[in-house]
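Here are the chains, one letter per residue:
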Amino acid sequence: MSHDHDHDHEPPTPQALRTEAIESLLLEKGLIEPTAVDEVIALYSERVGPMNGAKIVAKAWRDPEFKARLLADGTKAIEEFDLEGGQVEKLVVLENTPEQHNVVVCTLCSCYPWAVLGLPPKWYKDPAYRSRIVREPRKLLAEMGADLPPSVAIRVWDSSAEVRYMVLPMPPAEVAGQVATMAEAELTALISRDAMIGVELL
Amino acid sequence: MPDSELLLDIKLQSDMELSGEIAPPMANGEVIFEAPWQSRAFGLARVLCEAGHFSWDEFRHRLIARINAWDTSQGDAAYQYFDCFLQALTDVLADTGLCSNLELEGRLDEFSARPHGHDH
Numbered sequence: 001m002s003h004d005h006d007h008d009h010e011p012p013t014p015q016a017l018r019t020e021a022i023e024s025l026l027l028e029k030g031l032i033e034p035t036a037v038d039e040v041i042a043l044y045s046e047r048v049g050p051m052n053g054a055k056i057v058a059k060a061w062r063d064p065e066f067k068a069r070l071l072a073d074g075t076k077a078i079e080e081f082d083l084e085g086g087q088v089e090k091l092v093v094l095e096n097t098p099e100q101h102n103v104v105v106c107t108l109c110s111c112y113p114w115a116v117l118g119l120p121p122k123w124y125k126d127p128a129y130r131s132r133i134v135r136e137p138r139k140l141l142a143e144m145g146a147d148l149p150p151s152v153a154i155r156v157w158d159s160s161a162e163v164r165y166m167v168l169p170m171p172p173a174e175v176a177g178q179v180a181t182m183a184e185a186e187l188t189a190l191i192s193r194d195a196m197i198g199v200e201l202l
Numbered sequence: 203m204p205d206s207e208l209l210l211d212i213k214l215q216s217d218m219e220l221s222g223e224i225a226p227p228m229a230n231g232e233v234i235f236e237a238p239w240q241s242r243a244f245g246l247a248r249v250l251c252e253a254g255h256f257s258w259d260e261f262r263h264r265l266i267a268r269i270n271a272w273d274t275s276q277g278d279a280a281y282q283y284f285d286c287f288l289q290a291l292t293d294v295l296a297d298t299g300l301c302s303n304l305e306l307e308g309r310l311d312e313f314s315a316r317p318h319g320h321d322h
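In order, the protein sequences belong to chains B and R.
Residue 111 in the numbering used here sits at position 111 of the first sequence, and the numbers go up by one each step.
Residue 245 in the numbering used here sits at position 43 of the second sequence, and the numbers go up by one each step.
Chain B on its own, in the form it takes in the complex:
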């Protein structure tokens, strides 16, 4: 537990008390190590995040051979990045093209490719996103800023415990012709988490 001496602050919420009660019981039973929870939180808040996905996308933009491997077997292709965090039982990478745009959702809960994108943003877990992206993807994407012409087909991919999806976005039009000669850091700066979920166009 964090031992913040916040006696002058608001009383703890019922959820905070319940969580504290669970943790204290699990500690007493020896089911968890005192520092294990802090370590997991640090892992996901500091070391596992969308930068992992951005590096993968940048490499795919620069290296057609890697891109082919990534699209053929995402789980295997990202092994060389030696990512922490696991939770990618099977990673499928979906390539956006001028003809097809891909967008990822988990309609049932919050499944998300943690190892490459970190933990999901709040809106990804929201009932409005989970239902509307399936029902009216073109309208919702436009509202979120990804306004796609009617000629582009939209495909919605529902994540599951077994399969996690990540979108390989198209590079921004202004750099599309020169990605092969750009440095990785220049490219990763262009790649947003939302583009790798499929709700943003670069």
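Be aware that one or more of the hints could be misleading.
Said to hold, decoys possible - In the EDC-like style, the derived pairs of lysine to aspartate or glutamate whose C-alpha atoms are separated by at most 20 Å in a straight line are:
#1 Lys122(B) x Glu252(R)
#2 Lys29(B) x Glu252(R)
#3 Lys55(B) x Glu39(B)
#4 Lys55(B) x Glu186(B)
#5 Lys90(B) x Glu252(R)
#6 Lys29(B) x Asp297(R)
#7 Lys29(B) x Asp293(R)
#8 Lys55(B) x Asp82(B)
#9 Lys29(B) x Glu312(R)
Keep in mind the hints are simulated off the structure, nothing from the lab.
On the provided structure of chain B, position chain R as indicated by the hints.
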């Protein structure tokens, strides 16, 4: 329409926390946990799973059930994902025998008997 307004509002709120025009991929660009207990509940679930006390799928099924119960309820309360998460954690602890509801309620009673202002 309320649905779309809600989603847009959530997205705008999160985008406001970004510093540049494009989200810096180093961070999610927004707060993932809105209170410390949310990150601790997440951490507890992960630690127990990684230690083999239950599989993530066993947890996930209970999370889906709690989310589904919220989705189908007619309540006016705003959706709170981590409330569902904490309920699912409580469920999986009880179902696997790691920590019964009785034990948990007993500990909560002890907490509520603590002197005022002493919350740890």
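Against the structure, the hints come out as follows:
Straight-line distance between C-alpha atoms of Lys122(B) and Glu252(R) comes to about 24 Å, which puts the hinted pair past the 20 Å bound. For the hint pairing Lys29(B) with Glu252(R), the CA-to-CA distance comes to about 17 Å; that is within 20 Å, so the pair holds. Between Lys55(B) and Glu39(B), the direct Cα distance comes to roughly 24 Å. Violation of the 20 Å bound is thereby established for this hinted pair. A hinted pair counts as satisfied when its Cα atoms are at most 20 Å apart, and Lys55(B) with Glu186(B) qualifies at roughly 11 Å.
About 18 Å separates the Cα atoms of Lys90(B) and Glu252(R), which keeps this hinted pair within 20 Å; it holds. Taking the CA atoms of Lys29(B) and Asp297(R), the gap is near 16 Å; set against the 20 Å cutoff, the hint holds. Of the supplied pair hints, the one linking Lys29(B) and Asp293(R) holds, its CA atoms being roughly 18 Å apart against a limit of 20 Å. Between Lys55(B) and Asp82(B) the alpha-carbon distance is near 12 Å, which keeps this suggested pair within the 20 Å criterion.
Distance check on the hinted pair: Lys29(B) and Glu312(R) sit about 17 Å apart at the alpha-carbon level, within 20 Å; holds.
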